Amino acid sequence: METGTSGKASSLRWKILRQAILRKPNDEQSEIGIKRITRKTKQGFNLLPCHLVDDPSHSSDVTVCYTLPIDSAPKLYLTQRMVDHAELSDFEICNKYNIDNTGLVCQWPSEEVLAYFCLSHADMFRSKRVIELGSGYGLAGLVIAAVTEASEVVISDGNPQVVDYIQHNIDANSKAFGGTRVKSMMLHWNQNEISNISSTFDLIVASDCRP
Numbered sequence: 020m021e022t023g024t025s026g027k028a029s030s031l032r033w034k035i036l037r038q039a040i041l042r043k044p045n046d047e048q049s050e051i052g053i054k055r056i057t058r059k060t061k062q063g064f065n066l067l068p069c070h071l072v073d074d075p076s077h078s079s080d081v082t083v084c085y086t087l088p089i090d091s092a093p094k095l096y097l098t099q100r101m102v103d104h105a106e107l108s109d110f111e112i113c114n115k116y117n118i119d120n121t122g123l124v125c126q127w128p129s130e131e132v133l134a135y136f137c138l139s140h141a142d143m144f145r146s147k148r149v150i151e152l153g154s155g156y157g158l159a160g161l162v163i164a165a166v167t168e169a170s171e172v173v174i175s176d177g178n179p180q181v182v183d184y185i186q187h188n189i190d191a192n193s194k195a196f197g198g199t200r201v202k203s204m205m206l207h208w209n210q211n212e213i214s215n216i217s218s219t220f221d222l223i224v225a226s227d228c229r230p
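So in our numbering, spot 210 of the sequence shown is number 229, and the numbers just go up one at a time.
Don't take each hint at face value.
Said to hold, decoys possible - Result set (SDA-like, lysine to any residue): computed pairs, CA atoms no more than 20 Å apart in a straight line:
| # | residue 1 | residue 2 |
| --- | --- | --- |
| 1 | LYS147 | THR199 |
| 2 | LYS194 | CYS84 |
| 3 | LYS202 | VAL182 |
| 4 | LYS147 | TYR135 |
| 5 | LYS94 | LEU67 |
| 6 | LYS94 | LEU222 |
| 7 | LYS94 | LYS115 |
| 8 | LYS194 | PRO128 |
| 9 | LYS202 | GLN180 |
In short, the hints are calculated from the structure, not lab data.
All values derive from a computational prediction rather than experimental measurement.
Using the sequences and the hints, build the whole thing.
See below:
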């Protein structure tokens with residue numbers, strides 16, 4: 020993408036944020052531009068079929084059940100923030116830790132793609148120690164833990180709110196992991212000292228927040 024185009028897209032994304040905070044409608048021209056900005060697909064790619072299992076009307080969180088498309092695979096239950104539900108505290112935490120809140124925004128389609136890839140290449144994870152970086156709600160890491168017979172899976176993110184969701188989801192699905200050790204980790208790889216874990220893992224997986 021050319022520099023000018025990239026700058027314009029960045030400016031429009033800031034308008035999206037400003038609109039959300041001020042709850043102020045855009046003028047027609049701005050609305051046209053904003054709709055051209057790629058953020059996410061509404062329903063992902065349906066590589067891992069999923070459905071809501073609770074009523075989100077009285078909570079900012081929802082629980083989603085994922086059905087893994089292989090025989091005898093357990094269902095996975097992920098609690099996550101409702102799509103496009105932002106709170107002032109989210110931005111306060113982002114400022115405090117110098118991070119973004121992309122992991123809270125939604126279950127990004129690229130995470131679903133990574134989870135499907137890991138499911139389809141389970142043999143490469145068997146008996147391995149694995150860490151997922153920037154995990155968001157942890158779908159890919161949970162899939163690895165549930166179906167690949169990895170020896171250990173660490174699901175990490177740089178946002179402490181997201182890590183709380185990850186730990187909740189690990190606890191909720193603990194019976195699906197068999198002998199695989201699974202834990203969450205607060206890790207911002209641009210800021211934290213990682214020398215103590217740099218030689219710990221056999222495989223590192225990650226996905227961008229945009230497909």
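**Prompt:** Does LEU222 lie within 20 Å of LYS94 when you go C-alpha to C-alpha?
**Reply:** Status violated; Cα separation ~24 Å.
**Message:** So if I understand the rule, the pair passes when the alpha-carbon distance is 20 Å or less; does LYS94 with LYS115 pass?
**Reply:** Status violated; Cα separation ~36 Å.
**Prompt:** CA of LYS94 to CA of LEU67, is that 20 Å or under?
**Reply:** holds (10 Å)
**Prompt:** Within a Cα-Cα threshold of 20 Å, do LYS194 and PRO128 meet the stated pairing?
**Reply:** Violated, at about 26 Å.
**Asked** Has the given pair, LYS202 with GLN180, been kept, meaning a C-alpha gap of at most 20 Å?
**Response** Status holds; Cα separation ~15 Å.
**Message:** So if I understand the rule, the pair passes when the alpha-carbon distance is 20 Å or less; does LYS147 with THR199 pass?
**Reply:** It holds: about 10 Å lies between the C-alpha atoms, which stays within 20 Å.
**Message:** Check the hint pairing LYS147 with TYR135 against an upper bound of 20 Å on the C-alpha distance.
**Reply:** holds (18 Å)
**Message:** What's the verdict on LYS194 and CYS84, does the C-alpha distance respect the 20 Å limit or exceed it?
**Reply:** holds (15 Å)
**Item:** LYS202 paired with VAL182 [C-alpha distance capped at 20 Å]
**Value:** Holds. LYS202 to VAL182 sits at ~10 Å (cutoff 20 Å).
In the structure shown, a violation is registered for the earlier hints numbered 6, 7 and 8, in ascending order.
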